[in-house]
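Turn these sequences into a full structure, and let the hints guide you.
Respectively, the protein sequence lines represent chains V and Y.
The numbering of the first sequence is this note's numbering, which starts it at 22 and goes up by one.
The numbering of the second sequence is this note's numbering, which starts it at 20 and goes up by one.
Read the hints as simulated data drawn from the structure, not as lab findings.
Ideal Cβ positions, reconstructed from N, Cα and C, are used throughout, including at glycine.
Among the hints, a few may not be true.
What the hints assert, rightly or not - Some chain Y residues near chain V, calculated using beta-carbon distances under 7 angstroms: (1) P85; (2) A92; (3) G125; (4) L129; (5) R133; (6) P137; (7) A140; (8) S141; (9) S147; (10) A152.
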Amino acid sequence: MSSEAVVLGELLAAEHAAVWGYGVIGAHLDVHRRVAAVAAYDAHRLLRDSLLVRLRARGLATPGPLTAYQLTVTTPGSAVQQAISLEDGVCVLWRDLVASTDSPELRGLAVRALSDAAVRAVHWRQTIGVRPVTVALPGTP
Amino acid sequence: MQPSRRTVLVAGALSFAAACRTKVAPRAVDPDVALRSAALAREQALLDAYRSVVAAQPALAGRLQPLAADKAAHVAALGTPVPSISTVTTLAALTALERTAATQHGRAVLTASRSLAPLLASLSASSSCALAAL
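Now the structure itself:
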């Protein structure tokens, strides 16, 4: 099992990617769906910032975002698909954090972040009619 | 040399005392046992409630059955199912039950072992997702 420091680092990288990703995703959506993308963008920005605070408090490295990420978005439908896989991906890492720390504070953050990301994935599946809209165990690959 | 009667008696008393101490010593209680059975009770109550609402309002079956399938998977992941009759018959009551489960699973995550906590985290997230889907 990965250590707390490793997972925190992986989460920072994933949240950097999510912030970047929602910028691209939002640009491909109509006004109505873009509101949801902007809300998701803000949520991931806040998570990235709370990770930065916790990594710094532990004296760990805080690498910045990459200059670009691989993200194939050509249509509104593919934008929503990317949003779903992005949220599913961070769910796995937030669940990993629960398994790699004994800190109630970090576990509390992780379970909130996991729930919020899983709920965003449900909303995106509802948007494009993917059934079922839920998964039995969010955060399991 | 034969051991004296006193030596035998003292040795016997000492080993008896040692045996008592091992028996009386408080056994380390695994906190996961209680957390797991509480989680199983919550998920079983949810599964029973979904079935009960579908029985009372068959028109909701299409919407509720996929969520009930999630609950059945949770029960299977936690232990042995013990179905019972639920008194929940409305969507509002089902929603309240999911909300409570999300909170209580989330609270259990904070103190569970590293092996149980991730499952409880998924259960909490699943209840939040059900609230979004209901």
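Quick rundown of the hints versus the structure:
no. : hint : in the structure
1   : P85  : holds (4 angstroms)
2   : A92  : holds (4 angstroms)
3   : G125 : holds (5 angstroms)
4   : L129 : holds (4 angstroms)
5   : R133 : holds (5 angstroms)
6   : P137 : holds (4 angstroms)
7   : A140 : holds (5 angstroms)
8   : S141 : holds (4 angstroms)
9   : S147 : holds (4 angstroms)
10  : A152 : holds (5 angstroms)
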